[in-house]
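Undergrad: Residues per chain are reported as follows:
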Amino acid sequence: MTATVSGRRDRRRAALMGRAPQNTPGSGWSYLFLAVVIAFSAFPLYWMFVIATNTDEALAKIPPQVLPGGQLLTNLREVFSMQDVFFMQSLVNSVIVSSVVTASVLFFCSLAGFAFAKLRFKGRHALMVMVILTMTVPNQLGVVALYILMGKMPGEGGWNGTLLAVIVPGLVSAFGVFYMRQFILEAVPDELIEAARVDGATTMRIFWSVVVPAVRPAMAVLGLLTFVATWNEFQWPLITLGGTDYPTSMVALSDLASGNYVLYRRVLAGALIATLPLLVMLFIGGRQIVRGIMEGAVKS
Amino acid sequence: MSTTRAVPPAARRTAPAAPGGQRAPVSLRDRLYRFDTRYVPYLLIAPFFLLFAVFGLFPIAFNAVVALRNWRLDDPTLTGWAGLANFERLLTDGDFWNALYNTFGIFLLSTVPQLLLALVVASLLNRRLRAQTWFRVGVLLPYITPVTASTLIFSVVFARDTGIANWALSLLGIGETEPIDWRSAKWSSWIAIATMVNWKWIGYNALLYLAAMQSIPRDVYEAAAVDGAGPWRQLWRITVPMIRPVVIFTVVLSTIGGLQLFTEPMLFDSNPALATGGADGEWQTIAQLIYKVGWRDLNLGYAAAMSWALFLIILIVAAGNALITNRLGGGR
Amino acid sequence: MTRSLTRWAGTAAVGAVSLVLVAACSGNSGGGGSEPGGPVTLKINFWGDFGLDELKAKYEDANPNVKISLNTGEYNAQHEDLQKKLIAGSGAPDIAAIDEGFVIQFRGQADKFVNLLDKGAGKYESSYLPWKWKQTLTPDGKTQIGLGTDVGGLAMCYRTDLFKAAGLPTERDQVSALWPSWDQFVAVGQQYTAKSGKKFIDSATNIFNPVLGQQQVGFYDENETLRMDGGPKVAFDVAAKMIAADLSANLAAFSPEWNSGFVKGNFAVLACPAWMQGHIKNTAPGTSGKWDVAAIPGGGGNWGGSFLTIPKQGKNVDEAYKFLEWLIQPEQQIEIFKQVGNLPSQPALYQDPAIKDFTNPFFSNAPVGQIFAKTAENLTPQYLGKKNGPTRVAVENVINRLATGNLKGKPDQAWAEAVKEAEKAAKS
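Sequence lines, in order, name chains F, Z and L.
This note's numbering runs 30 ahead of the 1-based position in the first sequence.
At position 55 of the second sequence (counting the first as 1) the number is 45 in this note's numbering, and the numbers step up by one without a gap.
This note's numbering runs 4 ahead of the 1-based position in the third sequence.
A hint or two may mislead.
[Unchecked claim] Listed next, the in silico DSS-like pairs over lysine-lysine satisfying Cα-Cα at most 27 Å (straight line):
hint: 1; chain 1: F; residue 1: 182; chain 2: L; residue 2: 88
hint: 2; chain 1: L; residue 1: 168; chain 2: L; residue 2: 294
hint: 3; chain 1: F; residue 1: 91; chain 2: L; residue 2: 285
hint: 4; chain 1: L; residue 1: 168; chain 2: F; residue 2: 91
hint: 5; chain 1: L; residue 1: 424; chain 2: Z; residue 2: 176
hint: 6; chain 1: L; residue 1: 47; chain 2: F; residue 2: 182
hint: 7; chain 1: L; residue 1: 60; chain 2: L; residue 2: 326
hint: 8; chain 1: L; residue 1: 316; chain 2: F; residue 2: 182
hint: 9; chain 1: L; residue 1: 245; chain 2: Z; residue 2: 176
hint: 10; chain 1: L; residue 1: 360; chain 2: L; residue 2: 285
[What the hints assert, rightly or not] Beyond 10 Å from chain L on every Cβ pair, some chain F residues (computed):
hint: 11; residue: 58
hint: 12; residue: 65
hint: 13; residue: 101
hint: 14; residue: 151
hint: 15; residue: 154
hint: 16; residue: 155
hint: 17; residue: 169
hint: 18; residue: 219
hint: 19; residue: 227
hint: 20; residue: 230
hint: 21; residue: 259
hint: 22; residue: 311
hint: 23; residue: 314
hint: 24; residue: 317
hint: 25; residue: 324
[As the list claims (entries may be wrong)] Facing chain L, according to a computed beta carbon distance under 7 Å, are these residues of chain F, among others:
hint: 26; residue: 288
hint: 27; residue: 290
hint: 28; residue: 293
These are computed hints drawn from the structure, not numbers from a lab.
Heads up, the beta-carbon is just placed ideally off N, CA and C, and yes, glycines get one too.
Working from the sequences, and respecting the hints, build out all of it.
TA: Okay, structure coming up:
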C-alpha cells in the first residue's frame, strides 16, 4: 500500500519485487489498458445501437453519425413486418429451443454427473473417459449425416425444418456431465449420501433431496452457459431450418441480411433484439458466468 | 425405520450366497435395493449415452458411409457406392485447397494475437483492482454476443464507403482517396474476419488464464524475486510457464474452433445466401465450403468426404499445436 | 427449501417435455395441409417486390376462406430452394415465382408442376406475348408450367439533379439522344465524372446484364451449348470499358452498400428494366422526383421478367390456381404496374389508358407506361439455357473481381477467367 503512495518508480519496483500479482495493486497504466480493452469490447455493441436507431440518410453521412438517433421503433417495426423473415416467430422459437435445451441439460447432466461422482458401478471410469473424449469431437464432422438422419425421423418429411431437429441433439452435453461431476465431487460430502442411504433413501431420492440442493449454484452457472450457447448456435439451425418459415432468431438474422432489400439499419435493429436477452443475462448473471468459465478452466 | 437397513451393503451382498448353494429368500425390498445400487447408476447415465449415441456418435460413423457413396439431394436416382471417388475429387479440387489456405490464414491471424492479448489482459486482471468484477464481466461482452449479430455489425464497420473502419483509417491518412475494399482481396478480408474472431475470444481466454493464474501459489513469486523481475518479465518467466496446461488447453480449443470457422465468413459476404466467401472465394473457409457443397450444390456425399478431411486436419493440427506449445513452455 | 426446489426441478422437467411436444406439433403444422372447408393458406415465394401487398388484402377480403402468405427472399436462394423442395417432394410453396433466367431449368421438370392447360389456362394464350407464353411451355406444347407476370423491357434511369450539376442535359429526349450507342454512353460518363468527380454507374455487372439482354444469343444457344464468344463477349467488353474508364462506383448489385448508394447518390445512371423502378422506390424513397427515364443505349433488350407456377406437391392446388387466375386479370396486372412498375406481359394492356397514360411522379412524371411498353413490344427474346442462372453469377463474379479484386485492370486475363468460370458453371 505504501509503495503506491510513494509513487517513486524505483522504490515501487523494489517494493513489487517478489510480490505475487494478486498482491500488486493495479497501476494507472493497467487501468487505462483495461479500459481500452473494455471499450474495444463494447464498441461494436454501441455501434449496433447507433445504426439501429438511425435513418439511411443519417448513416450515409461522412463523417459518420456517431450518436444514436430516434428511429429505433420505425426500424423495428420494419423488421417485424418483413413477412419473409418471420422475426417474431424466430424469437419465440429461440426461446423455446434454448429453454428446453437448458432444462434438459440441467436435468440429465446433473443425473449423470451425480452417478459418475458418487455412485459405484462397473465401467464408470471407462465411461467417464468416453464422456471427456466426446467433448473434443468437432461437431462439423457429423452435420451431413445428421441432416440425413433427421430426414429419416418419423413424421412427414422427417424432422428437418422443425424445432425438434435443433432441440433433440442438444438435450445432453458432455461438458455438462463433466462440469456437474466435478462440482458434485466436491460439494456433496460422501457422509451425507451414506447417511441418507442409512435412512433408507433410494438413489433418486438422494439425488433430489441431497444432491440437487447442494449443486444449485453450479446448475445456475451451467444453465446460463447452456442457454447462451444454444441461443447463439448458427450453423446447424441454418442447415436444417434455413429457408423455412420456422427459423431460430440467428437464422432469421441471416435472412434479414440476405434479401434484396438489405438495409444496415434494419439488419442491426434485428441483431439488437436478438442480442438483448443475452445482454440482460450478462447483466444479471455476469458474476455466475465469470465463475463458471473460470471454474471450468481450472478443473480441466 | 427398519434395522436391516443399517447393515452395510457389503455384508448384505454376501448374504444371498448362503452355504450349500441354497438361496435365502430375497424380499422385494432387498431386490429393490439391489436394483437401486446396481442398475440405477446406469439408468442415470443412460439418457446421456443414448442421446449421444444416436445424435452424436452415429452421425459421425454414418458420415463415413455417406462419404463413400454418391449422395445427391438434386438427383435421388444417382446413388450407390462411389468408392474413394469423393476423396479423389477432393485432391484436385481447387476450391478445397483455396478454402484450406484461407482457413489457415485466418486461423493464424486470429489465434496468435488472440492468445497473446488474452495473456496480457489476464495478467492485468490478476492485479489487485478496484471494481474487479465489473472488469471481468466487461471483457465477457463479446463472448455473450451472438456471432451472427457481431459479424453483421463488423460487416457494417468494414463497409467500403460508409464503414467506420475506413473513416478511422482515412483520419490516419490511409485510403483517403481510394478507401479499402475489405471484401475484394484475401489480405483485407482475412484481417476483417480475424478481427471479429479476436474480438470475440480475447476476453473469454483471458478469464481462463486468469483462473489458472490465481491457482499459482504466491510464494513462487517470492522465490523468484532474486532476479529482480518487473511485472512484464514476471509474466513471461514465471506466470506463463506455471499455467502451461491451460495455455495448451486454449491452443487446442482455438485450433478446433478456428479451423471450423463458419459464421463469420458466411455473414461477411454481401450476399450471405451464396456462401461463396467473396467474388473469388477470397475468404471462403472449409466449413463454409462444406455448407455450399452440401446444401447449395446439393452434393452430400462430397460434403461428407470434405468433413472427414477437415476432421483429420483438425486432429493433426491440434496435436501438433499442443506439442509445440508444450515444447515452448517447457524450454524455459 | 428442499421440497420447493424439488418441485421446481420437477416442474422444469415437465415443462421441458411439454415444450418439446408443443414445438414438435407446431413445427409440423407449418407444412401441413388444411382440412376441407377450413381456411386455406396459400404460400407464395418470390424475390424483390411483386407488388402483391395490397392485392393480397383485396383477395383475402373477397375470399374469406383464403389467407395468403407472401414470402420474398433472395433471388438466387429462392430458385435454389424451390429446386431443393421439388426433389425432396415436400415443402415447396403453393405458388412459386420463377425468373426467366431459371425457367428452362424448371421447365425440364414439368412433371413436378401442375399443368395449367389442364386447369383451363389455354384460353389466355392469345393474351400473352407469344414468346413469353412459350418460355414456360414444354417443347411438345402439352404442358404449361407457369403464367407470365412481367417482362423486363429496358430503359435507363438517371438522376436529373446530378446531371444538372454536371452540366448535362436533363430533359429525357435530350438525354436519350446523348447515347445512341454504348460507346457514346461511356463518353457521356467520362464527361460526367470529369465534371462532378463522382462515379457514373452503380456497377459494371448492371451494364453487362442489359447489354447481354440486347444480343441475339445469350450464354447458351438453343442446343444448350455455351457461347461465350458471342453475346457474352460483347457485353463483357462494354462492362470492362466502364471499369477501365473508372466510371463505376463498384457497388455489388443488390448488396446493402449498393442500396445505400441510391440514398447517397453514389451514381447517376442505372440500367432500368421495368421491375427496377420498384426497387429504387423501396430503397431510396427520399430521392423521389429526382429520377427520370431515358432510352437505353443500343436500343431495346430485356432483362428479367417472371412467371408464377404451381408445384404439384401443394395441398391447395385448386385454390392456388384460382388466385393465380385472378392475379393475371388486367385489373390486377395494371394495379401491380402502378404499384411497383412491373410491366405486364400481355400486350393488349399496353393500349389501356391506365398504362399508356401512366406517368410516375417518382420519376419526374416520366410516361413510364409508354416507355416500357414500347421496349417490350420491340423485344426479340433470347434463349436462356438450363444453366443460365449459375453461369450469370459466375461471370458477374469475375466482373466484380475485375473492378475491385486481384484481376483489377486486367481485362484480357479477366475474360479468360470469365470463360473458365462460365464453363465450370455450365458443368456443375
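Undergrad: Does each hint fit the structure? Answer for all of them.
TA: Cross-check of the supplied hints:
Between the alpha carbons of residue 182 (chain F) and residue 88 (chain L) the distance comes to roughly 16 Å, so the proposed pair stays at or under 27 Å and holds. A distance of roughly 11 Å separates the Cα atoms of residue 168 (chain L) and residue 294 (chain L); the hinted pair therefore holds under the 27 Å criterion. Taking the CA atoms of residue 91 (chain F) and residue 285 (chain L), the gap is about 20 Å. The hint holds against a cut of 27 Å. Taking the CA atoms of residue 168 (chain L) and residue 91 (chain F), the gap is near 22 Å; set against the 27 Å cutoff, the hint holds.
Distance hint between residue 424 (chain L) and residue 176 (chain Z) is fulfilled; the C-alpha atoms sit about 21 Å from each other, no more than 27 Å. For the proposed pair residue 47 (chain L) and residue 182 (chain F), the alpha carbon gap of about 25 Å is at most 27 Å, so the pair holds. Proposed proximity of residue 60 (chain L) and residue 326 (chain L) is supported: the alpha carbons are some 13 Å apart, at most 27 Å. The straight-line distance between the Cα atoms of residue 316 (chain L) and residue 182 (chain F) is roughly 22 Å, inside the 27 Å bound, and the hint therefore holds.
Proximity of residue 245 (chain L) to residue 176 (chain Z) is assessed by CA-CA distance (about 25 Å); at most 27 Å being required, the pair is judged to hold. For the hint linking residue 360 (chain L) to residue 285 (chain L), the alpha-carbon distance of about 21 Å falls within 27 Å, and the restraint holds. Listed as outside the interface, residue 58 (chain F) is consistent with that label: its C-beta sits roughly 42 Å from the nearest C-beta of chain L, beyond the 10 Å cut-off. Here residue 65 (chain F) stays apart from chain L, with its beta-carbon at least about 33 Å from theirs, past the 10 Å limit.
Every Cβ of chain L is farther than 10 Å from the Cβ of residue 101 (chain F); the closest lies at roughly 13 Å, confirming the non-interface assignment. No beta-carbon of chain L comes within 10 Å of the beta-carbon of residue 151 (chain F); the shortest separation is about 23 Å. The beta carbon of residue 154 (chain F) sits about 24 Å from the closest Cβ of chain L, which is more than 10 Å, so the claim that it is off the interface holds. Remark: the non-interface label on residue 155 (chain F) is consistent with the geometry, its nearest Cβ contact in chain L lying 28 Å away (cut-off 10 Å).
Distance check on residue 169 (chain F): its Cβ is at least 21 Å (rounded) from any Cβ of chain L, clearing the 10 Å threshold; non-interface status holds. Annotated as non-interface, residue 219 (chain F) keeps its C-beta farther than 10 Å from every C-beta of chain L; the closest such distance is 16 Å. Distance to chain L confirms residue 227 (chain F) as a non-interface residue, since its nearest Cβ pair spans about 17 Å, more than 10 Å. Under the 10 Å C-beta cut-off, the non-interface status given to residue 230 (chain F) relative to chain L holds; the minimum distance is some 16 Å.
Interface exclusion of residue 259 (chain F) from chain L stands, the closest Cβ pair being 17 Å apart, more than 10 Å. Chain L leaves residue 311 (chain F) outside its interface by the beta-carbon criterion, the shortest separation being 17 Å against a cut-off of 10 Å. Separation of residue 314 (chain F) from chain L is adequate, the least Cβ-Cβ distance of about 18 Å exceeding the 10 Å criterion. With 10 Å as the threshold on Cβ separation, the claim that residue 317 (chain F) sits away from chain L holds: the shortest Cβ distance comes to roughly 21 Å.
No Cβ of chain L comes within 10 Å of the Cβ of residue 324 (chain F); the nearest lies about 25 Å off, and the non-interface call holds. Against a cut-off of 7 Å between C-beta atoms, the interface hint on residue 288 (chain F) holds, since the closest Cβ of chain L lies about 5 Å away. Given hint, residue 290 (chain F) at the interface with chain L, holds; its Cβ is 5 Å from that chain's nearest Cβ, closer than 7 Å. Look at residue 293 (chain F): its Cβ gets to within about 6 Å of chain L, closer than 7 Å, so that hint holds up.
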